[in-house]
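Numbering (this note's numbering), first residue to last: 262 to 400.
If you are wondering where the hints come from, they were derived from the structure by calculation, not from laboratory data.
Each residue gets a CB set at the ideal place from its N, CA and C atoms; glycine is no exception.
Among the clues, some could well be false.
Mimicking DMTMM-like on lysine to aspartate or glutamate, the simulated pairs with C-alpha atoms at most 20 Å apart in a straight line are [said to hold, decoys possible]:
#1 Lys305 <-> Asp395
#2 Lys272 <-> Glu292
#3 Lys297 <-> Asp377
#4 Lys327 <-> Glu359
#5 Lys348 <-> Glu320
#6 Lys399 <-> Glu300
#7 Lys324 <-> Asp389
#8 Lys324 <-> Asp395
#9 Lys379 <-> Glu300
#10 Lys272 <-> Glu334
#11 Lys384 <-> Asp395
Quick list of simulated restraints, FRET-style, between CB atoms [claimed, not checked]:
#12 Lys272 <-> Lys399: 32 to 38 Å
#13 Lys385 <-> Lys272: 38 to 44 Å
#14 His263 <-> Glu310: 34 to 40 Å
#15 Lys379 <-> Met278: 19 to 25 Å
#16 Tyr331 <-> Asp377: 40 to 46 Å
#17 Pro388 <-> Glu320: 23 to 29 Å
#18 Arg311 <-> Pro380: 18 to 24 Å
#19 Arg375 <-> Val270: 30 to 36 Å
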Amino acid sequence: MHVSEQVIVPKYFEFDMMGIIYHAHYLGWFEMGRTKLCEDLGFKYIDMERAGYISPVHEMNVKYHKGITYGDEVVLKTRILDNGGVKTVYGYELFNGEGTLCVEGRSSHYVVRREDFKPVAFKKVFPDWYAAFDEASKL
Numbered sequence: 262m263h264v265s266e267q268v269i270v271p272k273y274f275e276f277d278m279m280g281i282i283y284h285a286h287y288l289g290w291f292e293m294g295r296t297k298l299c300e301d302l303g304f305k306y307i308d309m310e311r312a313g314y315i316s317p318v319h320e321m322n323v324k325y326h327k328g329i330t331y332g333d334e335v336v337l338k339t340r341i342l343d344n345g346g347v348k349t350v351y352g353y354e355l356f357n358g359e360g361t362l363c364v365e366g367r368s369s370h371y372v373v374r375r376e377d378f379k380p381v382a383f384k385k386v387f388p389d390w391y392a393a394f395d396e397a398s399k400l
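The task is simple: from the sequences and hints, build the whole structure.
Below, the structure is given as structure tokens:
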């Protein structure tokens, strides 16, 4: 399974009054992870959009184990958990600078036509992209 990894240095505005990352910011970090994973595999979301398609979030799950505090350097690991013909499920793990798992997440996405949000078969519309995702989900 291919794992995309990136370091995130949290910005001061991302913290709440308790000194931990405000929970909504994790969703943005997950999007950064998906984008990097696609780029690691040779694809860019902008190309999907230019072709008239988008990949909206269908479902998002987040499990918080430990707060990430100010001064922590964060490692985000992103992988493809399931690459169906229509739906793709991504998995995320956020570790603090000590290597402790702080947050886990999953999101599922469909590819839809931008004009009417009608779902399409990912493997038919973007066969190369689908094949790369399929391979990455098995390694």
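Each hint, compared with the structure:
For a cut-off of 20 Å, the pair hint linking Lys305 to Asp395 stands: about 16 Å separates their Cα positions. Note on Lys272 and Glu292: the hinted pairing holds, with a Cα-Cα distance of about 17 Å set against a maximum of 20 Å. This hinted pair does not check out: Lys297 and Asp377 have alpha carbons roughly 27 Å apart, beyond 20 Å. Between Lys327 and Glu359 the alpha-carbon distance is near 12 Å, which keeps this suggested pair within the 20 Å criterion.
This hinted pair checks out: Lys348 and Glu320 have alpha carbons roughly 11 Å apart, not beyond 20 Å. A threshold of 20 Å between alpha carbons decides the hint, and for Lys399 with Glu300 the separation of about 18 Å falls inside it, so the pair holds. A threshold of 20 Å between alpha carbons decides the hint, and for Lys324 with Asp389 the separation of about 32 Å lies outside it, so the pair is violated. For the hint linking Lys324 to Asp395, the alpha-carbon distance of about 26 Å lies beyond 20 Å, and the restraint is violated.
Among the hinted pairs, Lys379 with Glu300 is inconsistent with the structure: their alpha-carbon atoms are about 25 Å apart, more than 20 Å. For the hint pairing Lys272 with Glu334, the CA-to-CA distance comes to about 10 Å; that is within 20 Å, so the pair holds. For a cut-off of 20 Å, the pair hint linking Lys384 to Asp395 stands: about 10 Å separates their Cα positions. Between Lys272 and Lys399 the Cβ separation comes to about 36 Å, which falls inside the hinted range of 32 to 38 Å.
Between Lys385 and Lys272 the CB atoms are about 40 Å apart, so this pair conforms to the stated range of 38 to 44 Å. Roughly 23 Å separates the CB atoms of His263 and Glu310, a value that falls outside the hinted 34 to 40 Å. Take Lys379 and Met278: their Cβ atoms lie about 43 Å apart, and the range 19 to 25 Å is violated. Roughly 44 Å separates the CB atoms of Tyr331 and Asp377, a value that falls within the hinted 40 to 46 Å.
Our hint of 23 to 29 Å for Pro388 and Glu320 holds, since their Cβ atoms are close to 25 Å apart. Taken as a hint, the range 18 to 24 Å holds for the pair Arg311 and Pro380, whose Cβ atoms sit roughly 19 Å apart. The hint said 30 to 36 Å for the Cβ distance between Arg375 and Val270, and at roughly 33 Å that hint holds.
Checked against the numbered hints listed earlier, the structure breaks hints 3, 7, 8, 9, 14 and 15; every other hint is satisfied.
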